[in-house]
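Please take these sequences and the hints and turn them into a complete structure.
First to last, the protein sequences are chains A and B. Numbering follows my numbering, with no gaps: position 39 of the first sequence is 39. Numbering follows my numbering, with no gaps: position 90 of the second sequence is 90.
To be clear, the hints were calculated from the coordinates, so they are not data collected in a lab. The beta-carbon is built from N, C-alpha and C at its ideal position, and this holds for glycine as well. Check the hints yourself; a few may be wrong.
What the hints assert, rightly or not - Taking lysine to aspartate or glutamate and the DMTMM-like style, the derived pairs with C-alpha atoms no more than 25 Å apart in a straight line are:
| hint | chain 1 | residue 1 | chain 2 | residue 2 |
| --- | --- | --- | --- | --- |
| 1 | B | 209 | A | 148 |
| 2 | B | 129 | A | 148 |
| 3 | B | 129 | A | 172 |
| 4 | A | 95 | B | 177 |
| 5 | A | 170 | B | 89 |
Stated by the list, open to error - Cβ pair distances, simulated, as ranges:
| hint | chain 1 | residue 1 | chain 2 | residue 2 | range |
| --- | --- | --- | --- | --- | --- |
| 6 | A | 187 | B | 316 | 43 to 53 Å |
| 7 | B | 292 | A | 125 | 48 to 58 Å |
| 8 | B | 212 | A | 311 | 47 to 57 Å |
| 9 | B | 90 | A | 34 | 20 to 30 Å |
| 10 | B | 56 | A | 34 | 41 to 51 Å |
| 11 | B | 62 | A | 301 | 30 to 40 Å |
| 12 | A | 144 | B | 205 | 15 to 25 Å |
| 13 | B | 56 | A | 287 | 31 to 41 Å |
To be verified - Pulled a few chain B residues facing chain A out of the computed Cβ check, cut under 10 Å:
| hint | residue |
| --- | --- |
| 14 | 33 |
| 15 | 36 |
| 16 | 71 |
| 17 | 78 |
| 18 | 84 |
| 19 | 86 |
| 20 | 105 |
| 21 | 114 |
| 22 | 130 |
| 23 | 171 |
| 24 | 195 |
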Amino acid sequence: MTAPATHSAAPAARRLSLPAFIDGTLLTLVAAAIILWFVPSGMGRYGTYVLSLWLVMSVAVMGLNLTLGYAGLKSLAQAAFMGIGAYATALLTSKLGLNWYASFAISGLLTFSVGLVLGFPALRVKAHYLAFVTLAFSTLIWLVLRNEQWLTGGVFGLSNIPRPSFFGLKLDGALAFHRFVVVVTFLLAVVLWWMIRSPWGRAFTALRENPIRAASLGIDTRMYTLLAFAIGSAYAGFAGALYAPLVEFIDPSPFSLSQSFFLLLMVVAGGAGYLLGPFIGALLGVVLPEWLRFAGSLYLIIFAGIVMLLLIACPQGMSGLLERGWNRLTGKTGGSR
Amino acid sequence: MKKHWIIAAAFGMAVSLPALAQDKVKLVDVVELSGAGATAGTNWKNGIDLAVADINAKGGILGKQIEIVHYDTQTNPGNTRAAVQRAIDEGTYAVLGPVFSGPIGASMQIAQRAEIAQLVGGEAAGLTKQGNQYLFRTSLSQTAAMPKIAKYLKDTVKAGSVAVVWVNNDFGKGGRDAIIPELEKAGIKLAVDVATEQGQADFAADAIKVKNSNADAIFVYLNEEESARFLRAAKQQGITKPMVGETTLLGAKVIELAGDAANGVKGHVGLSIDAPIPAFQEFGKKFQAKYNYVSDHNGMKGYMAVYMVKWATEKQKKFDKKGVADTLRGATIKTSDEPGILIETTIEKNGDLDRESFLAEVKDGKQVITATLPKINP
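Below, the structure is given as structure tokens:
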């Protein structure tokens, strides 16, 4: 079994005489949040928007990373869950006038509950068969979003989705909303960081590595399978709740099956099972194509080429590559996730 | 030492770039070059490139050459928004595109906030009903086209009942929602309402449904490739009732793909290189010579979009972004003033268009225009 996620960084933290619970991952998250708070000041609205979109997609990828990277459950429904969260938030805020925070919580609860239900097939089928079950679910949600026009606006989508405010402070501007996204993403990442370090995280990893041995050690594999699905789905719901006010318009296309494949690619390219992997994966998926725009019509070909080369060079994704480099520098043999 | 020279040269170039840029006017086209809208988007892009090349060859706009940049939206609303935002941040003079209505809906507020004209290819009726003063169509909206079709079905085809076959995306659903009330108004019964999927390969079941409805005519509102597949399936099922459509059903691509099955198809056409207008045919020849295929209506729309910007700039005699929208709103562009507009076009206050359109029929594998319909408000 792989060593638990967090312990290897602890001795270094002690050397710096920091509290034992602080590790490199947490410090990275804090530093990144501070940088991301200030970085867009010199950028235009476009750069700020792309950064926000990157963070929002990172939240969805974080959830899938928990389901796939930590618990080893292959799901193709992450974009569908993101859609449920986005539509729930859009409808609650724009049609019912509920505030964003309540809508955010409801979106998370709703996707958690649906994820819990979808987790049941995962108790009976594994690997490709589970992927097919989630594929069917994804198609079903997409059909509902597209055909139930009375509720979802159908193919015309929902427009004029309001952005939240913070204690009376309006967050309509690109920079203000970006900072809001930074804070929410940071909080969600810290919760996940805590969860991975906790016995839950170790149980999820045990589930991925060897479910039979995990069961023999007294881990309730049934409960943890369901929880991995439900929590992963809730993160997609949270991402959707941020996506709707960011774009201020939603239609079914960003929540289709192909987007679920794209999120899966982000998990794999970023490094499945690494806490910072989703951020790197979403950077590759959202920001890299934007950086490659200078290449004109060739940009998607170059993007596909880079991803293929990356996965050939390092099947563990970018995080695996970075870890290997770090280990070589420090002379370590093991890996920390 | 060598390094210093390189740095100095690079600095010198950087300083001189803005001076060069002053001789150009930048236009950014935000369009579907990949994803579901790639066919329409590529036609639109090629039309724009053709117009830019023509205008630049003749000295540009008010003496400035046009610098055109294309950004792919991947037919995704979030990416479209990013691309439109980038276009505005980079100082585009006007935003051209996108073509699909969903991505237009996601990005139109950005151009509106920046008070920059956005010239789009979308036909969905709802786009111009939101009070956006900076959004302009380059084609007739479905609300303008459908009454003409209902009238045609009633007066010429003399249909008492019609089967409606549509593609379930923003384009098809918009058309379906616009035609049904018009059929009702004309006293025509809806025999059957058939929704189909974008990218659908097999239309046999849909053709059987239509056949069993025993409708007097069939109104087909699908994308190009799907139109061709439906026509082939209908022929296989032995459907002989009149097939009536709008622009796409009679397009060059459909005729090419459907072969014999396209013969006899009739309908309303907003823009067609086969229309009896020399400027249209001239455009068609130039497009074919440059890209080696026949332009559809999206190619013409892209071409006209650039000329709408040119006309508005020359009319105001200066480069004023907000002024482009103000000048276009409520204007009538005559071909005598701007030949590149190809046909006299009136831009209504809400960004909709009014211009002549055509009735057409496919005969022996070719689109033949049978009548020219006048403007709604001549």
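Status of each hint after checking the structure:
{"no.": "1", "hint": "209/B to 148/A", "verdict": "holds, 23 Å"}
{"no.": "2", "hint": "129/B to 148/A", "verdict": "holds, 22 Å"}
{"no.": "3", "hint": "129/B to 172/A", "verdict": "holds, 23 Å"}
{"no.": "4", "hint": "95/A to 177/B", "verdict": "holds, 23 Å"}
{"no.": "5", "hint": "170/A to 89/B", "verdict": "holds, 23 Å"}
{"no.": "6", "hint": "187/A to 316/B: 43 to 53 Å", "verdict": "holds, 50 Å"}
{"no.": "7", "hint": "292/B to 125/A: 48 to 58 Å", "verdict": "holds, 51 Å"}
{"no.": "8", "hint": "212/B to 311/A: 47 to 57 Å", "verdict": "holds, 51 Å"}
{"no.": "9", "hint": "90/B to 34/A: 20 to 30 Å", "verdict": "holds, 29 Å"}
{"no.": "10", "hint": "56/B to 34/A: 41 to 51 Å", "verdict": "holds, 48 Å"}
{"no.": "11", "hint": "62/B to 301/A: 30 to 40 Å", "verdict": "holds, 38 Å"}
{"no.": "12", "hint": "144/A to 205/B: 15 to 25 Å", "verdict": "holds, 22 Å"}
{"no.": "13", "hint": "56/B to 287/A: 31 to 41 Å", "verdict": "holds, 33 Å"}
{"no.": "14", "hint": "33", "verdict": "holds, 6 Å"}
{"no.": "15", "hint": "36", "verdict": "holds, 8 Å"}
{"no.": "16", "hint": "71", "verdict": "holds, 6 Å"}
{"no.": "17", "hint": "78", "verdict": "holds, 5 Å"}
{"no.": "18", "hint": "84", "verdict": "holds, 9 Å"}
{"no.": "19", "hint": "86", "verdict": "holds, 4 Å"}
{"no.": "20", "hint": "105", "verdict": "holds, 5 Å"}
{"no.": "21", "hint": "114", "verdict": "holds, 9 Å"}
{"no.": "22", "hint": "130", "verdict": "holds, 7 Å"}
{"no.": "23", "hint": "171", "verdict": "holds, 8 Å"}
{"no.": "24", "hint": "195", "verdict": "holds, 8 Å"}
Hint check: no violations occur; every hint is consistent with the structure.
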